[in-house]
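**Student:** Protein sequence lines correspond, in order, to chains X and V.
All letters in the first sequence, in the order written, are residues 55 to 252 by my numbering.
All letters in the second sequence, in the order written, are residues 55 to 252 by my numbering.
Quick caveat, the hints were computed from the structure, so don't treat them as lab data.
Fair warning: there could be bad hints in the mix.
To be verified - 25 Å max Cα-Cα, derived BS3-like pairs, lysine-lysine:
1. K68/V with K233/X
2. K210/V with K233/V
3. K210/X with K233/V
4. K192/X with K233/V
5. K128/V with K68/X
6. K68/X with K186/X
7. K139/X with K186/X
8. K210/X with K139/X
9. K210/X with K68/X
10. K233/V with K233/X
11. K186/V with K68/V
12. K139/V with K192/V
13. K128/X with K111/X
14. K210/V with K111/V
15. K186/X with K68/V
16. K186/V with K192/X
17. K192/V with K210/V
18. K210/V with K186/V
19. K68/V with K139/V
20. K139/X with K128/X
21. K139/V with K128/V
22. K186/V with K68/X
23. K111/V with K139/V
24. K68/V with K68/X
25. K233/X with K192/V
26. K210/V with K233/X
27. K210/X with K186/X
28. K126/X with K111/X
29. K126/V with K139/V
30. K192/V with K68/X
31. K111/X with K186/X
32. K210/X with K192/X
33. K111/V with K128/V
34. K111/X with K233/X
There are 2 protein chains.
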Amino acid sequence: MAEMGSPSLKITYKNAVLFSHLFMQNLICQGDTVLDATCGNGNDTLFLADLVGDTGKVYAFDIQLVAINNTKEKLLNNLVAERVKLIHDTHESIDYYIDDQLDGAMFNLGYLPNTDTDLITLPSSTLSAIQKTLILLKEGGLITIVFYTGHFGGLKELEVVEANLSSLDQNEWVVSHHKFINQINHPPQLITIQRIRR
Amino acid sequence: MAEMGSPSLKITYKNAVLFSHLFMQNLICQGDTVLDATCGNGNDTLFLADLVGDTGKVYAFDIQLVAINNTKEKLLNNLVAERVKLIHDTHESIDYYIDDQLDGAMFNLGYLPNTDTDLITLPSSTLSAIQKTLILLKEGGLITIVFYTGHFGGLKELEVVEANLSSLDQNEWVVSHHKFINQINHPPQLITIQRIRR
């Protein structure tokens, strides 16, 4: 239950990233092993490192060196760098680096803010990375995927991934799609996948 | 953060009702004033009565006497009846019974389980009740609406309400739609509305 407080203290369910954090927060335990498939500026990596605590482990991937460096600096500033294995490679290679089973995984697609917008995640590689993550996911484990449909190719990426995930067996997976329906332009959308049987 | 524990202890994001409870749980404080617009068998009414505590207040409506009686019994059995004002009337009349501003409101549409399926909520009355609830909602307040699209008229009800809520001003309201995309038949869907400015 929320703390006593004025409305101004209340949570605002305002965007896809907030929903992804809320769902992870309610699920991930200290000591868990998780993945940040797209560490970008390290916000989700830091969030996950806080959730898993001293005894947990975070794998964080990014294909851009600037993203790895920004994330490393953020983790060092917050004294949680030792919980995180930073990997400068495409998330398509996660099966090459990760042997553990995962309690959770976060994808934040699109492109790295304030950098080259020509370098975006693509449907084929995104789908391949998600499918490899599904294989690593524990029973009860959760994947969150935030989609940005405002840039060229973004909507196509969502459509391709959504069509693929819609075919997952409902006896093993719960797949849900969360979108904001009264906003102009292209608010980010969220898809979550939870494994209910392994 | 979730408690230490095995996957079996972890939350499963399995349906629209669970999402509606999660969003309310993270928002509603002890002492708050809330509405169950469709108390049915009293599950949401009891849930809300627990959230608002001894110092809070729940208004609960149902047009069917059997629903009011079932809910009353459930509240008495759980010793929270004094927190709840049960009203045997259509939720279209909430403005007649409620003067307070609301911190939250839950709608669970469709028909009362194990009773007359001809008696369903209808788009026009549902929309009217939602619009009256919007007027009563505090800044930060949240409305959750669970839709059942498996029965005749259920999908139409969702389409009418969604089209209407899509036009709410994004500077005052955040409207989000949550659905399950890998299930056969017609899994319930959830729409949430939060007032971000008043």
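**Student:** Indicate, hint by hint, whether the structure satisfies it.
**Tutor:** Against the structure, the hints come out as follows:
1. Only pairs whose Cα atoms come within 25 Å are accepted, and K68/V paired with K233/X is accepted, the gap being roughly 17 Å.
2. With a C-alpha separation of about 16 Å, the suggested pairing of K210/V with K233/V holds against the 25 Å cut-off.
3. For the given pair, K210/X sits about 20 Å from K233/V by alpha-carbon distance, which is consistent with the 25 Å threshold.
4. For the suggested pair K192/X and K233/V, the alpha carbons sit about 23 Å apart, so the restraint of at most 25 Å is met.
5. Between K128/V and K68/X the alpha-carbon distance is near 34 Å, which puts this suggested pair outside the 25 Å criterion.
6. The suggested pairing of K68/X with K186/X is violated, with an alpha-carbon distance near 30 Å, which exceeds 25 Å.
7. At most 25 Å may separate the alpha-carbon atoms for a hinted pair to count; K139/X and K186/X meet this at roughly 18 Å.
8. Annotation: proposed proximity of K210/X to K139/X is violated, straight-line Cα distance about 31 Å (limit 25 Å).
9. Proximity of K210/X to K68/X is assessed by CA-CA distance (about 24 Å); at most 25 Å being required, the pair is judged to hold.
10. Distance restraint check for K233/V and K233/X: the Cα-Cα separation of roughly 9 Å lies within the 25 Å cut-off, and the hinted pair is therefore satisfied.
11. Simply put, K186/V and K68/V have alpha-carbon atoms about 30 Å apart, too far for the 25 Å limit, and the pair is violated.
12. Between K139/V and K192/V, the direct Cα distance comes to roughly 19 Å. Compliance with the 25 Å bound is thereby established for this hinted pair.
13. A hinted pair counts as satisfied when its Cα atoms are at most 25 Å apart, and K128/X with K111/X qualifies at roughly 16 Å.
14. Restraint check: the Cα-Cα separation between K210/V and K111/V comes to about 33 Å, which exceeds 25 Å; the hinted pair is violated.
15. A hinted pair counts as satisfied when its Cα atoms are at most 25 Å apart, and K186/X with K68/V qualifies at roughly 22 Å.
16. Proposed proximity of K186/V and K192/X is contradicted: the alpha carbons are some 45 Å apart, above 25 Å.
17. Distance restraint check for K192/V and K210/V: the Cα-Cα separation of roughly 29 Å exceeds the 25 Å cut-off, and the hinted pair is therefore not satisfied.
18. Between K210/V and K186/V the CA atoms are separated by roughly 21 Å; this keeps the pair inside 25 Å, and the hint holds.
19. Distance hint between K68/V and K139/V is unfulfilled; the C-alpha atoms sit about 31 Å from each other, more than 25 Å.
20. The suggested pairing of K139/X with K128/X holds, with an alpha-carbon distance near 14 Å, which does not exceed 25 Å.
21. Restraint check for K139/V and K128/V: satisfied, since their Cα atoms lie roughly 14 Å apart, inside the 25 Å limit.
22. Among the hinted pairs, K186/V with K68/X is consistent with the structure: their alpha-carbon atoms are about 23 Å apart, no more than 25 Å.
23. A distance of roughly 8 Å separates the Cα atoms of K111/V and K139/V; the hinted pair therefore holds under the 25 Å criterion.
24. A threshold of 25 Å between alpha carbons decides the hint, and for K68/V with K68/X the separation of about 22 Å falls inside it, so the pair holds.
25. Taken as a hint, the K233/X and K192/V pair is honoured in the structure, with Cα atoms around 23 Å apart against an allowance of 25 Å.
26. For the given pair, K210/V sits about 20 Å from K233/X by alpha-carbon distance, which is consistent with the 25 Å threshold.
27. Between K210/X and K186/X the CA atoms are separated by roughly 21 Å; this keeps the pair inside 25 Å, and the hint holds.
28. Between the alpha carbons of K126/X and K111/X the distance comes to roughly 15 Å, so the proposed pair stays at or under 25 Å and holds.
29. Between K126/V and K139/V, the direct Cα distance comes to roughly 10 Å. Compliance with the 25 Å bound is thereby established for this hinted pair.
30. Distance check on the hinted pair: K192/V and K68/X sit about 16 Å apart at the alpha-carbon level, within 25 Å; holds.
31. Between the alpha carbons of K111/X and K186/X the distance comes to roughly 18 Å, so the proposed pair stays at or under 25 Å and holds.
32. Pair hint K210/X plus K192/X does not hold up; C-alpha atoms about 29 Å apart against a cutoff of 25 Å.
33. The straight-line distance between the Cα atoms of K111/V and K128/V is roughly 16 Å, inside the 25 Å bound, and the hint therefore holds.
34. A C-alpha spacing of about 30 Å is found between K111/X and K233/X, which places the hinted pair above 25 Å, so the restraint is violated.
Checked against the numbered hints given earlier, this structure breaks hints 5, 6, 8, 11, 14, 16, 17, 19, 32 and 34; the rest are met.
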